[in-house]
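Chemist: The listed protein sequences correspond, in order, to chains C and A. Counting in the working numbering, the first sequence runs from 1 upward without gaps. Counting in the working numbering, the second sequence runs from 1 upward without gaps.
It should be emphasised that the hints constitute simulated quantities derived from the structure, not laboratory data. Here the structure is a predicted model, which means the values were calculated and not measured. Accuracy of the hints is not assured; some may be wrong.
Below are the DSS-like pairs computed for lysine-lysine, each with C-alpha atoms no more than 30 Å apart in a straight line [to be verified]:
(1) C:K176 to A:K469
(2) A:K505 to A:K308
(3) C:K86 to A:K374
(4) A:K308 to C:K176
(5) A:K469 to C:K86
(6) C:K176 to A:K449
Chain by chain, the residues run as shown.
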Amino acid sequence: MSALLHTICEMSIAALGATSAGAGTGASTALSTAAASLGAGPVPVAHGILPALVRPDLAWAGWIIGLPAISAIICGLCCALRIRNKLPALSTVVSFAVAFAMVLWLYRTLDPAQPVVIPLFEWIAFAWGDGPRHDLGGHFALYVDQLTLLWMLFVTGLGTLIAIYASEYMESDVGKGYARFFFGVSIFIVAMASLVMADNLVFLYLGWEGVGLASYLLIGYYYTKPSAVAAAKKAFIMNRVGDLGLAIGIFLIWTNYGSVEYSALFQAIQSVGDPAGGWDASLIPFCLMLGAFGKSAQLPLYVWLPDAMEGPTPVSALIHAATMVTAGVYLIARMYPLFMLHPDALATVAWIGGLTALLAATIGMAQYDIKRIFAYSTVSQLGYMFLGLGVGSTFGACYHTFTHAFFKALLFLASGAIMHGFAGQLDLRRLSGLRRVPGFTIVSWTMLIGCLWLAAFPFSAGFFSKDEILAAAMFDPHHGQPILAWMGLATAGLTSYYTFRVWFRVCAGPVMFVPGDDQHDPHDPHDPHGQHDQHDPHDAAHDDHAHGSNAAHAADAHGGHGGHGVASASAAGAAHGHGGLVAHAGSGFHPHAPRFAINGVLLALAIGAVLAGLPTYLVLSGQASENWIASMVGHSSAALGVPHAEGAGDAAHAHPHMLGMDGHTAMFVLSTIVGLTGIAIAWFLHLGNRRFADRLRGSMLRRGWIRWLPTAMEHKWYVDEIYHACFRMPAWVGGHLMHFLDRHFIDGLLVNGAGRIPPLLGRLFQPLYNGVLQGYATTMAGAVALILAWIVWKWVAGGAA
Amino acid sequence: MSIGVMLLALPILTMIAVIASPEKSAKWIAFGGSSLVFLLSVIWAVQFPGWHTGAFWPDEPGAGVMTRFGVSLQLGVDSVSMMLILLTTFLTPLAILGSFKSITTREREYYGWFLVLLAAMQLAFMSRDAILFYVGYEFTLAPMFFLISIWGGPERRAAGIKFFLFTFLGSVITLAAIVYVAVQAFEATGVWSFRIADLVAFANDPDVGLTSAQQYWVFGALMAGFAVKTPFFPVHTWLPLAHDQAPTGGSVILAGTLLKLGTYGAYRIAVPMAPDGGVALCTFFAVLCLLAIINMALVCWVQRDVKKLIAYSSVSHMGFAMLGLFSFNMIGVEGSVMYMINHGLSTGALFLCIGMIYERYHTKDMEELGGLAKRMPVWAFFMVFFTLSSVGLPGLNGFVGEFLCLFGAYTAAHDAATGYPGVLGPWFAVIGAIGLIVGAMYLLIMLGKLVWGPLREPHAHGHAHEPIKDLGFREIAILTPLAAACLWIGLQPSPMLRAIVPSAKGVLVNYPAAVERYHAERAASQLGSTLVKSNDDAATKEPLP
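Looking at chain C on its own, in the form it has when it is part of the complex:
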């Protein structure tokens, strides 16, 4: 067995080498000279990125953005005209699919090493003179290189699949919010495509805020529900904090390099490097980082993402798991040449990523709401991607983004199918054994694939991509952070535990389920909830699991729902691990099994998740000489000066060793051990002996010295409360204070006070005008005396001079 393992490890190392070699040879000669210069010492700026070729003839690529925009307009019209059919879904799916085909066509036809600029039309663009820094070039133009295409492939591809899924998932809203939903999704793809394909940072900023808008609209889709509205607001504002960083980063880049257009910018960086080493130039990556952390939900700005699960599940899958949240990874990968100039910035990215991964995993372990668990796992996996970027493995980061997009979308869509089928139930204590429930077989087994991939089970795509990142963290000669690699390994263990906690609880074990509060069955016309149009069907469900994951169940795992007679019995049943089969019999509830669109998309995504590992499988089996994702990353701006994507010799002659084994073998063994341990613990606690898990939890809560741990984890380490106390309260108090000052000091005292002066003066002189003749005479005499005195004084003063 170990011999076999060893062989495989050797192969994977060879694959790594081959990967690097492939990228190196595939690139231009300039790139290889860069690689040569990179071999030794600190990383200089390499001459790696070719100037972009302007290709106006490819202007049709603008329809990749334009078609979803047209679809958004159609959806908007459907909304305005109150069209009650599935036309919005149709237009969305078709436009996304055509956009995907166009991206594929671009990928097939373009020369990989040659970035292309496709001008469309002008936006915020003007010039006030000739020469550098005398114009601002915020054009609507596309910059297409391999990194762009990699992102666009999964954005449009997954977008299409998820739109198909949503066409069935949202069908109970046809005629209500259906068109609005697809309007939001279309706007999202427009914005995301702008973000990824932009040729300059100002256009990127448009996409950046545009995806924020789409996210705002879709999280707040159930807008009558206060928690959804609050979550939407929170997401937008948290993102705005990040956008502030991005905006200032853009200003800094323009002042330092004189352009916001990528091509000119990269050339400027390559020729100038760090301009004069000014403090403001070294701030650039930190500003961009803030933007990336906001959008990609990293410390300290991650708190909006778990709340964003208030949105419909397809939205969670598309925006808050697979695509939008990877925009931060894209930004840093795109601007990697700037980050390479500042090793401190890279180290910061790595540390933030590593810490976020760990923190989010600990929170995810203690949540009960399936979607929230996956939300925290998204935060955690994004942390891995940033860790990869920070330790110089842009390939690892991008590969992980790619694989993660598939398996995380799969997991969300599977949990959405469960939620759809069980009236909004998402509490993992109230669902069990779904793989034996008729109609949920495909859901369960595809979810297993997603879980395996997320838990980085050996030889899954998630395993390869995560391993790439951890190996780089451990061994990279320039940027490696071994401490973070160990932390990443520990996080991997936690990840596989909480992932399989979900699967063993929900899909395995005895059959038991409690429907959610939303007992709405679309096929049952007598259902009173069915006609209740004030509430959207998922409202109640969300309310329920909002409680479930929060304080309501923190104290008592056995806590049943008072409202359901049957439900409380079966909740107790769940806790004791028996009686489940009886439970659903009396309730009269029939799970609403997913139909063709949902099952089909789940299968397609499962296949996609498996195929995401294909680049590595091909290399391992010797079918391909290079990982094509590595070569894509290697041909983009993300590769400038990255040791991994270049110099075949780099990895080879470094030959790191660890634990008496070759370094990569050791990593392989370690991650396998850690991952399997996590799964085993999850199996024991959540499938083999569920009562023991509850007893363990109860005993932990009873003991004062350890009680803080599960409590704090369930309360998400109180980060929301801390933010509230540190930022929101002071601002709120400040607002009231300022308003008070404004009304009573500035307006009341100063303005109105000044306004009182004329009447006061008038009152002062009023006695002079009392209407009595003697009074006027006195006044006149006084005035004459005053004038005389003044003249005399002037005369005396003048005489003295």
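Following the hints, complete the assembly by docking chain A onto the known chain C.
Modeler: Coordinates of chain A only, in the frame set by chain C:
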């Protein structure tokens, strides 16, 4: 008769027709007349040859009045004033249309004053003579005063008087500064002239022009009036009250174009006339802008009355516009002009939206109203749209101005690489950019209360005999052109940006030298103090030979 004169005459003629007409048809005549004015202005804009030259058109001396003092009726526009005229003529018919339901008493007077206001604002934007500008500038006060104090809310008298006195006092100081410069020019050259171009040319004359100390005071005095009108932070308190009490149409015009007279005055008169003063004082004014941006945003946050919230947000937003202007470089000034126009569109539209709510529920209190998306989805769409435009979402108009203003402030450091060295710098932009966050906060909180969430209606109207209806055709017809304009500017600002460039170049022509002088003086004074110090040291250490 040129179209410019027709643009001034037609509102007055329409006003006479409105006064003479029966009460019922007054609003239609006013709407028709103002729409005709809009059409005329569009024709004028199409004819306008100066979009890319920065030259004034028509460039004629104009008939003299009070020839002894050189006051003339010189009318002419450049690209920036043309844009502001278009904004005015675009907003006025919409504001009139928006008043159809809410104004039920003394309609003839109401629409008559509206048309006078239109004429006065156009006069201010069109005049090339400082006195003529001042006449138009001040003449807007009277109609607005009556609009507020006759058709306003319960505190309308106080609001009207405060509005009138506050802005009047400020602009008297501005007038004094204009007269001072003219007198100086007369003493130096022996010719009386109040033409803005002549005054600017004189003030910047290196031989006989104003000294930098004079410019300091001239700039300060000119800005006194413009700062009240804009309004700047500590002198803004008339605005929330005026907006709160004004009728919807009055608020739209007040926020949409009347405030722009302040920024336009600064752009057209204060900034070019006294560059040394501008450079010396811009830090002071920029700090006021930042205070306005952050402070007023916080104040917005705690408002209960949604109209007051938008009013305070105007103060905050105009802070951005002035911050851009005072960065004295092309990006900032471009942003400032764009901000003037965009703020007019989106805030005007927001006031219209709120007016529609007020007409239905007779309250603007966000504690009583909520979740209106359920009741009025079409209204909710427009409200969200214009709020997002006000938040500065890229792709809509608000972003262009906001981004460029901050960009301008950022690049206004002492660095000649842009051709326009500046006095402000990164910190001004960074602090101003915090306004982006706080601005998003209060506007989204407003949306969260008013548009989203469970439906809340005042009790009196929850079970009213007449159910609350969504927007009707007239209201959609008001908001749609505004939304289209917001979207169009958001996606295609570059023609406007290009048109502003030559005009802004003219405004800033003396600034690079002034900034250099300013920095040189500061360096010299620092150097001087160190020199004096070292001399002192030398004197104490070794005796003179």
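Chemist: So which of those numbered hints doesn't the model satisfy?
Modeler: 2, 4
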